[in-house]
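Asks: These are the residues of each chain, in order.
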Amino acid sequence: MKPSKTILDRIQEEHIQPKPKYYFWILHLLGGLGIIAFLVLGMMANGIIFHFLNHLEFAEFIWQGPQQILKFLWFGIPFLWIFLAAGLLLVTARLVRELKKGYRLRMSFWLLILLVPQVVAGALLERSDMGERLDEIMAEKISFHQTRKANHEKLWSQPSEGFLGGTIVEIQNDSLLLLDDFDQKRWWVSFSRSQTHPRLSLETGQRIKIIGQKTSDAEFVAEKLLPWRRPGIRKRRNGKRRRNEKHRPQTPFHKQPPSSLSVEQ
Amino acid sequence: MEDFSSFTDEALAKKAPQNMEAFAALIQRYEAKLMRYIFRISSFCQESAEEILQDVFLKAWKNLNGFRGDVSFQSWIYRITHNETISVFRKHKSRGMHLSVELEESLFVPDENSDLTLEFDQKLSAHHVQIVLEDLPKAHREILVLCYLEDLSYNEMADILKCPAGTVATKVHRAKEAFRASASYLSPA
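Chains E and S, in that order, give the protein sequences.
Using the numbering used here, you'd call the opening residue of the first sequence number 1 and step up by one each time.
Using the numbering used here, you'd call the opening residue of the second sequence number 1001 and step up by one each time.
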């Protein structure tokens, strides 16, 4: 018997029907939604990577010798997030290649085409402070992210090597502050000769990074004071606005007298 | 029976979900071609090849509404055949089955327009082409069969193998190199 006859007989006997059109529409719709979902997740992962990289202070570690550089790479670079972003990029590219004539272009082309918006979106997320927000959400939800944050803290828990991080407990005066490090150990930090990062305004309860020298078991002389997190554009603008409001003169031309004088009058 | 001779494959494929006769016309157009293709890339016996062909047409029937016409019907049905043959081949391999049989030499007589042997300035018999092809790795064999025995364009091959036309060109080049090396080794000096 000819194969054609057998096939047609089988179709009729078994009442095999073509799959309906909507089945394929749904399939394509799911494919499209999958691409969008993976693209968005990739952008978020990139936002977190940018957030981490933005706060690493690589320039400070690179001058500290190979051991510190290795520590920096091991504890500082968010490898897991980078692998996750790369995985999401690969999955997205695979899905795009399955769409219509996506296979007509090389995988490397699709990877590049999809990488650009992911990286740009990641940078924009970080600049708009969404990177920080995502970082906070992930820290609550994902255990490996907490480990990553702890690793970052480890980089700034090396007072003997000149790196100290923690929370300001009290600002004694213009040159001395009390700081609790990440092991809840208290430090007297002298910062009379230190450079303070332009975007850092010292406040109690604030987390900071300090580069300097340990002078005793509980004393540290700061050479540089840095914010724990660099604010994104939105925060910077808000901060500027707040600062401007704070320092807005009450009377025109800054002619208000010092408080001590005004009391006397 | 309606006369579909003036219909293109694509027009028949659009008509086929509602008209069984249109699908029968498509089967008639492609069954011999696809059977030959299955033999050429797999060396399966007649029975296995017929089973594969049946499954190919059944899959095509079920998925007719998914044929969007963005590739030619020929490329679409060849892709299904290619995937089905590879899938059966893998199943047999994983079960340790070996279904290779002696194939007719006529299957390896190249198309008039694209003679594989002329590519290498060597006149090889169909028998020789068969031996050399069977000796090649499956990937090289598939690409040479599509290019020289099935006489398909690079774009059609790209649609069947789901890869860029540039990649097809590279694969053809590599397969030709492998064929040349194998032919010179196997052919008498």
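Keep in mind that the hints were calculated from the coordinates and are not lab data.
All figures in this text were calculated on a predicted structure; none of them were measured in a lab.
C-beta: ideal position from N, C-alpha, C; glycine also.
A few of these clues could be false.
As the list claims (entries may be wrong) - Taking CB as the label site, the calculated pair distances span:
1) E:ALA123 to S:ALA1032: 37 to 47 Å
2) S:GLU1010 to E:ASN54: 37 to 47 Å
3) E:ILE113 to S:ALA1139: 44 to 54 Å
4) S:ALA1126 to E:LEU33: 43 to 53 Å
5) S:LYS1059 to E:ASN54: 48 to 58 Å
Unchecked claim - Derived pair list, reagent style DSSO-like, types lysine-lysine, alpha-carbon separation capped at 27 Å:
6) E:LYS101 to S:LYS1093
7) S:LYS1062 to E:LYS21
8) E:LYS185 to S:LYS1033
Asks: For a quick check of understanding: which of the numbered hints are violated here, in increasing order?
Replies: Failing hints, ascending: 1, 2, 3, 6, 8.
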